[in-house]
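Peer 1: Just so you know, the sequence shown maps onto residues 1 to 551 in our numbering.
Calculated directly from the structure, the hints in this document are not laboratory data.
Do not rely on the hints blindly, as some may be mistaken.
Only pairs whose alpha carbons sit at most 30 angstroms apart, straight line, appear in this in silico DSSO-like list of lysine-lysine [stated by the list, open to error]:
1) 306 / 317
2) 306 / 463
3) 306 / 432
4) 416 / 374
5) 342 / 406
6) 374 / 32
7) 317 / 100
8) 342 / 416
9) 317 / 394
10) 374 / 364
Each pair of labels, with its calculated beta carbon distance range [claimed, not checked]:
11) 33 / 387: 22 to 30 angstroms
12) 507 / 185: 33 to 41 angstroms
13) 409 / 291: 41 to 49 angstroms
14) 330 / 97: 24 to 32 angstroms
15) 507 / 425: 18 to 26 angstroms
For glycine and all other residues, C-beta sits at the position ideal for the given N, C-alpha and C.
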Amino acid sequence: MGYNAWNTFRCNVGKDLITGAADELVRQGLDKVGFEYVNLDDCWMGGRDRKGVLYSNQGPEQRPGITNPIQKFPDETDSAGNKIPGIKAVGNYIRSKGLKFGIYSSPINTCAAYWDNYPLGNGVGSSGKEDTDIATFISWGVSYLKYDRCNAGETGSGWNKSPSSAVIYPYFLAMRDAIGRSNSNMFYSTNLDFNGNGLAHWNGSNPPLFTNTSRVAADISDFNSVIAQINAADQLKGFAVPGYWNDMDMMQVGNLPGDNLNRINMGMWAIMNSPMLIGSDIRNMDQKNPTALEILRNEEVIAFNKDPLNTQAVVVKVSGNTQVWAKPLFARGERAVALLNKSTSPTSMTVRWSDLHLAAGEGKVRDVWSRTDKGAYTDSYSVTVPGRDVVMLKITGAEIPLTGTKVLTATDILYKANSYNDVRTDISGDGKKLALNGVAYDQGFGTDAPSQMQFRLDGACSKFTAKVGIDDQIIRQQPASNGFGQVVFQVWGDGRILAETDVMNRQQSADLQADVTGVTVLRLIARLGNNRDNAQYYAYADWITPTVTCQ
């Protein structure tokens, strides 16, 4: 969570604007609710010195279209006369406010060099200089890196000429490895920036293998692009695993024409666990746009994003232009719910406890926008949602505990995210029995990797076992291998990997066992096994007879 000036100011940034943003985050209490990063985007670079080290644009800036050149990020001197690099001075100021500092780079040239007439000699890339640049960023106090593909890997003229993914990935892997060698624990954000949204934006890539977060769609701008971000992130829900988040781009709260649209932007980013970076003008927002500021400062909505279970919401019901989104929260029986109305007319919407994996009976409902309790309801809750708006609820109900030695079934699921269609119980995707290596099984789950299922153990269980492998459906549908269906099976407990397989291919199976003593929430995750373009196809990941031993 934090702030980035790009959506509003693009290249028209300098020291005063960025340090002023830090002041505004603190003055308006945004830091108190979790907005802790001030991220410097494009147009800060001045080039490289004789040693190949990056330095800042000293300004005043001169480029086509700039009639009033602004001072950029000039170097400073301390009281002893020692030189302080301009970006380090900015970082020092940001951190003096109790905030964190983020920065921007790209492999070849920055995007502004192509879109904003920023000088190519200034907006230089990090390819081949990754270790040097990470060391420089660390010396400046940077703890967040946004790494943007821009034109890297282009083979034709113009922009986005379907570059080869085999050329693109090494750029991002090289920066990942440089961060790893630095032992800095720097947060790594990427934008692969292929044409299209969702899987097309990644061109078959597997970002959780090399980054903490990756953009899911083209740049955000208006309301239609907000919906595009939501749809793209939903398509990629199976990729959202501990340590990786789908990035729905900077928020436009305050830039959108209406509080209803601002609520959709804020609420859906929160419940879908996207990074939440303010992209609007926060200068004097308390005076210019106080209702947008209150939307940004709603701690109960933000709590959905910061919940320890760290789960991306999924659609549990669709009716026309309305959607019910939900996810479990860490506390037993608690659910985060968004009733999203994309139509222009007020619409009555209902959320049922059965859609939330809650037991029938009484459930308590709280409206988190208004911060008011709505009371207790039986089995469901209905409300009229205004046109193009979202109602955000926290619903607390009952969960049936797991006891004894039990094979997990659909009724035990707390949460599920599957890349294609739905998680299947006891059957494969083409309706046949689950089967590994020619052996059929009566019980288990059929998923499409990447996928995730969650089960609440509440510290009452001690052991988990399952047989795992790629379902024989892959042989029926894709007899040739071609690298299809490569999966790693993982058992997680409260943010820790308890057991995992090597990369598994067709006609391979393995027995998984994990000690789940003390685990609150068990996650069964099937991840893609490599970064090749076709790894995600026909990845029919089976969990055969998944069994827990509980009290």
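Peer 1: All hints are to be evaluated individually against the structure, with a verdict given for each.
Peer 2: Consistency of the hints with the structure:
no.	hint	in the structure
1	306 / 317	holds (24 angstroms)
2	306 / 463	holds (29 angstroms)
3	306 / 432	violated (40 angstroms)
4	416 / 374	holds (28 angstroms)
5	342 / 406	violated (41 angstroms)
6	374 / 32	holds (27 angstroms)
7	317 / 100	violated (39 angstroms)
8	342 / 416	holds (24 angstroms)
9	317 / 394	holds (17 angstroms)
10	374 / 364	holds (8 angstroms)
11	33 / 387: 22 to 30 angstroms	holds (28 angstroms)
12	507 / 185: 33 to 41 angstroms	holds (40 angstroms)
13	409 / 291: 41 to 49 angstroms	holds (46 angstroms)
14	330 / 97: 24 to 32 angstroms	holds (30 angstroms)
15	507 / 425: 18 to 26 angstroms	holds (23 angstroms)
Hints 3, 5, 7, counting from the list given before, are not met by this structure.
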